[in-house]
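Colleague: As you go down the protein sequences, you meet chains U and W in turn.
For the first sequence, my numbering assigns the number -10 to the initial residue and increments by one for each residue that follows.
For the second sequence, my numbering assigns the number -10 to the initial residue and increments by one for each residue that follows.
Be aware that one or more of the hints could be misleading.
Under 8 Å between C-beta atoms, here's a sample of chain W residues computed to sit facing chain U [said to hold, decoys possible]:
#1 Phe14
#2 Arg119
#3 Leu153
#4 Leu177
#5 Phe179
Sample of chain W residues with no beta-carbon within 10 Å of chain U, all distances over it, derived [stated by the list, open to error]:
#6 Met(-10)
#7 Ser15
#8 Glu25
Hints listed in this document are in silico derivations from the structure and should not be mistaken for laboratory results.
We put the beta carbon where it would ideally sit given N, CA and C, even for glycine.
Listed here are the chains, written in short residue letters.
There are 2 protein chains.
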Amino acid sequence: MPPPLILASASPSRRQLLANAGLDFSVEPSGVDEDEVKLSLLGERAKATEIATTLAGMKAMRVSARRGGAMVIGADSTLACDGRLFDKPPTLAAARQQLADLGGRTHELHSAVVVAQNGARLWHAADCGRLTMRPFTDSFLDAYVARAGEAVCSSVGAYQLEGLGAHLFSRIEGDYFTILGLPLLPLLAFLAEHGIGLEQPT
Amino acid sequence: MPPPLILASASPSRRQLLANAGLDFSVEPSGVDEDEVKLSLLGERAKATEIATTLAGMKAMRVSARRGGAMVIGADSTLACDGRLFDKPPTLAAARQQLADLGGRTHELHSAVVVAQNGARLWHAADCGRLTMRPFTDSFLDAYVARAGEAVCSSVGAYQLEGLGAHLFSRIEGDYFTILGLPLLPLLAFLAEHGIGLEQPT
């Protein structure tokens, strides 16, 4: 029997991606203080990919240390635009401002995934998408934030690409799963090599 | 008031894409005999993009001719691999064979969208994604087809990328919406220019 699979993330979109792929897993958020780690890494001038990979690893290893034997998936995403890193907006007003800052420009979304077992990192992958937002009018931003609601605060980009967020973009380059926060294709390949996948007895 | 919006397609994934984007629309399949048109175009050695655009236009114009004033969206997708065009598989066995043929290779998925009004074509866009499938074992194909079920017969690629289909791929290049069957970003931009979008009063 393959080991149990745990997603060390509270993100609804990551959970949905794994569920859509038909995997059998449980969810256990890591409790890692992401803000503190990010501030520390920013002080070291770490790049967007390194920050995402470090945080994904911390989440996976933290949960894996307390769930012996299980394969634990950690993931994280960071957004960089013209050298500036963006974070999950804490309020709707902050989300609106963030979208105003990103409008008319191209940003990079970096997603990393790490698999850990028995407190040690087994494998990782990172990938990046490039997204170009349309220029926005004030009335468009008002309408978008009003209709999207609190959901805009749950993602680093203040958008929900799988929903209303499609209205924000003129061009999207890169793997959709990566952009939703999880490099799913390399993760599925890694898991399949370890006997976790569609052929797994259920 | 903007005109009513109609999707001239029976495809559940296209309907879902438009619904996720928060648009207010109705669905009215066109009744165009796609197989007959495809055979005729294949006889003319038309390319995959031309076939998709022609069929998308026929669907949009057919419905728009009977729904005066409405903006009607038609869409179609074609799949080409090494010069061969693939079609929606009629049976599970055909779907399995199609996946066996595509395994380990890169194919192109061409999607086209046309908007018509009063029986005339107003606008169109076409886009293409490149998808590389992993090589498959017989036992993987058996497991995939058994778990995915009849859904594999509803798409030209015999996969549901938004679901179990993610297990089939090693690499996906191109816009996710295009790959799901609808170049959504240019469509939303066109509709917004015509007063149909998030700012529309509901």
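Colleague: Each hint needs a verdict: does it hold in this structure or not?
Modeller: Hints, one by one, checked against the model:
no.: 1; hint: Phe14; in the structure: violated, 14 Å
no.: 2; hint: Arg119; in the structure: violated, 12 Å
no.: 3; hint: Leu153; in the structure: holds, 5 Å
no.: 4; hint: Leu177; in the structure: holds, 6 Å
no.: 5; hint: Phe179; in the structure: violated, 12 Å
no.: 6; hint: Met(-10); in the structure: holds, 16 Å
no.: 7; hint: Ser15; in the structure: holds, 20 Å
no.: 8; hint: Glu25; in the structure: holds, 33 Å
The earlier numbered hints that this structure contradicts are 1, 2, 5.
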